[in-house]
Each structure stands twice: as structure tokens, then as C-alpha cells.
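J.: Listed in order, the protein sequences are those of chains A and B.
When we follow the working numbering, the leftmost residue of the first sequence carries the number 54, and every step to the right adds one.
When we follow the working numbering, the leftmost residue of the second sequence carries the number 309, and every step to the right adds one.
Simulated from the structure, these hints should not be mistaken for laboratory data.
One thing to keep in mind: the hints can contain errors.
[As the list claims (entries may be wrong)] Straight line, CA to CA, 30 Å or less: simulated DSS-like cross-link-like pairs of lysine-lysine:
| # | chain 1 | residue 1 | chain 2 | residue 2 |
| --- | --- | --- | --- | --- |
| 1 | A | Lys111 | B | Lys322 |
| 2 | B | Lys317 | A | Lys95 |
| 3 | B | Lys365 | B | Lys379 |
| 4 | A | Lys111 | A | Lys95 |
| 5 | B | Lys317 | B | Lys379 |
| 6 | A | Lys121 | A | Lys111 |
| 7 | B | Lys322 | B | Lys365 |
| 8 | A | Lys124 | B | Lys317 |
| 9 | B | Lys379 | A | Lys90 |
| 10 | B | Lys379 | A | Lys75 |
| 11 | A | Lys95 | B | Lys379 |
| 12 | A | Lys124 | A | Lys110 |
| 13 | B | Lys365 | A | Lys90 |
| 14 | A | Lys90 | B | Lys317 |
| 15 | B | Lys365 | A | Lys75 |
| 16 | B | Lys365 | B | Lys317 |
These numbers were taken from a predicted model, which means no experiment stands behind them.
What follows is the residue order along each chain.
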Amino acid sequence: GENVEQHPSTLSVQEGDSAVIKCTYSDSASNYFPWYKQELGKRPQLIIDIRSNVGEKKDQRIAVTLNKTAKHFSLHITETQPEDSAVYFCALPQRDDSWGKLQFGAGTQVVVTP
Amino acid sequence: NAGVTQTPKFQVLKTGQSMTLQCAQDMNHNSMYWYRQDPGMGLRLIYYSASEGTTDKGEVPNGYNVSRLNKREFSLRLESAAPSQTSVYFCASSEGSSGLYEQYFGPGTRLTVT
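Chain A with its partners taken away, still in its complex shape:
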């Protein structure tokens, strides 16, 4: 199946600064790129996603960018706040089994310090 590499594994940022998390993939046919956020002790929840026909999508302080040539997509969080502290996962549908399942990255622990 598709391999998804996510970096960094941990990220510590000062409140108000920006955070960037990157995921790389290998299947050029990939066409859907979601990001999930998981707060401590809670369930993962989708925060933003992008499809392959656009290069960038924004939702308030978060954005996702896609570089299909280089095969990577990134999550950007601007003006970070304490409530942004969480684990963030990228994911990629798997082409085998007709895109039936998602492969998740290993996750990035983001800590926002005041």
C-alpha cells in the first residue's frame, strides 16, 4: 500500500508563532489529502482536507497546501494558540481496494507554549 511519511514527530512552538507539518507520499494517482486533529484523550477529527484539483485551501488559521509534483502536502497553523496543542495526522486513501481505506501518518505532537 501507499506509504505516508509525516514530519516532524514533535513540534514545540511559542504561542502566536506558526507551525508547519509535512507529509510525503509516493502514489502520483492520490487525489484526496485530509488532516485530522486528536486532542489528548479524545477521538480524531477532520480539520481540513484538499482534493487534487486545487493547490491550497484555507479555513481561518489553518491551511493545507499540496505540491503534486513533489508529492507532498502540508498543514499550516498560523497564530498558534494553546488549544492548538494536539496530535495531528495526515492521511491518504489507498489505491488498492478501489481507494477503500485510509493510511494514516504516524502523527505530529504539537505543543504550544505560552
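With chain A held as given, fit chain B onto it using these hints.
T.: This is chain B only, laid out in the frame that chain A set:
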């Protein structure tokens, strides 16, 4: 709408015991998934069901069985629990019959096998 519900929330088993984790969704979703989450490993797919009446193996199916009882319910069974199955288990559902749609997660079941 309750969304995705899971029972039980916590469970402790002895090695060799069996149990069934229950999952139900009230969103009329086609696809349902079972994941396990271990520290530093992200979310790994155990089994999924793209539609009522079908089930397929994911990345880590050994030691587990599933049943898609109807469109709402998808259960995960451990026939003979092992300490390696100590984990947090998440059920998820999505509207479409593929990984190209948002997945909605349940609250999780924390399982310890001693």
C-alpha cells in the same frame, strides 16, 4: 444524533479471554472501520466494511474478526486476547464507500490485556 458510539469505554482482559467491541452509527453511513492506536504508531486499520454485507482486512487483521451486523453496526471480536492487543480501539464511519470521504470516529475503547 449521537454520531458514532462504542461500548465498552474501558476493558481489562486476561490473556486468552474473548470479547466483542461494539460500534454503532446513526448517520446512515455506508462505510465503517476499526482502527487500533498505539503510542507513536498512529492509527492502524484492522478491518473495514465498505458497505453492508462486505468486510475486508486492513493493515493489522491477525487476531481479530468482524461482523457488519446491519448498516448501523460493526463489531470487532478478539477470540483469544494477547498482551500485544493492549491498545485503544477506534471505530469510524464515512458516508461514501471509499476512503475519499471524511471519517467520523467514535470515542474509543481502551483495552488492557494482562
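J.: Next step is simple, just say for each hint if it's right about the structure.
T.: Going down the list of hints, with the structure as the test:
1. Lys111(A) / Lys322(B): Answer violated: Lys111(A) to Lys322(B) is near 48 Å, above 30 Å.
2. Lys317(B) / Lys95(A): 12 Å, holds
3. Lys365(B) / Lys379(B): 18 Å, holds
4. Lys111(A) / Lys95(A): 24 Å, holds
5. Lys317(B) / Lys379(B): 22 Å, holds
6. Lys121(A) / Lys111(A): Roughly 18 Å between the alpha carbons, so the hint for Lys121(A) and Lys111(A) holds.
7. Lys322(B) / Lys365(B): 25 Å, holds
8. Lys124(A) / Lys317(B): With a Cα-Cα distance of about 39 Å, the restraint between Lys124(A) and Lys317(B) is violated, given a limit of 30 Å.
9. Lys379(B) / Lys90(A): Within the cut-off at roughly 27 Å; holds.
10. Lys379(B) / Lys75(A): Cα-Cα ~36 Å, so violated.
11. Lys95(A) / Lys379(B): Distance ~25 Å between Lys95(A) and Lys379(B) Cα, so the pair holds.
12. Lys124(A) / Lys110(A): With Cα atoms ~17 Å apart, Lys124(A) and Lys110(A) stay inside 30 Å; holds.
13. Lys365(B) / Lys90(A): 25 Å, holds
14. Lys90(A) / Lys317(B): At roughly 21 Å apart (the allowed maximum being 30 Å), Lys317(B) and Lys90(A) satisfy the hint.
15. Lys365(B) / Lys75(A): 28 Å, holds
16. Lys365(B) / Lys317(B): 24 Å, holds
When the structure is compared with the earlier hints, violations turn up for hints 1, 8, 10 and for no others.
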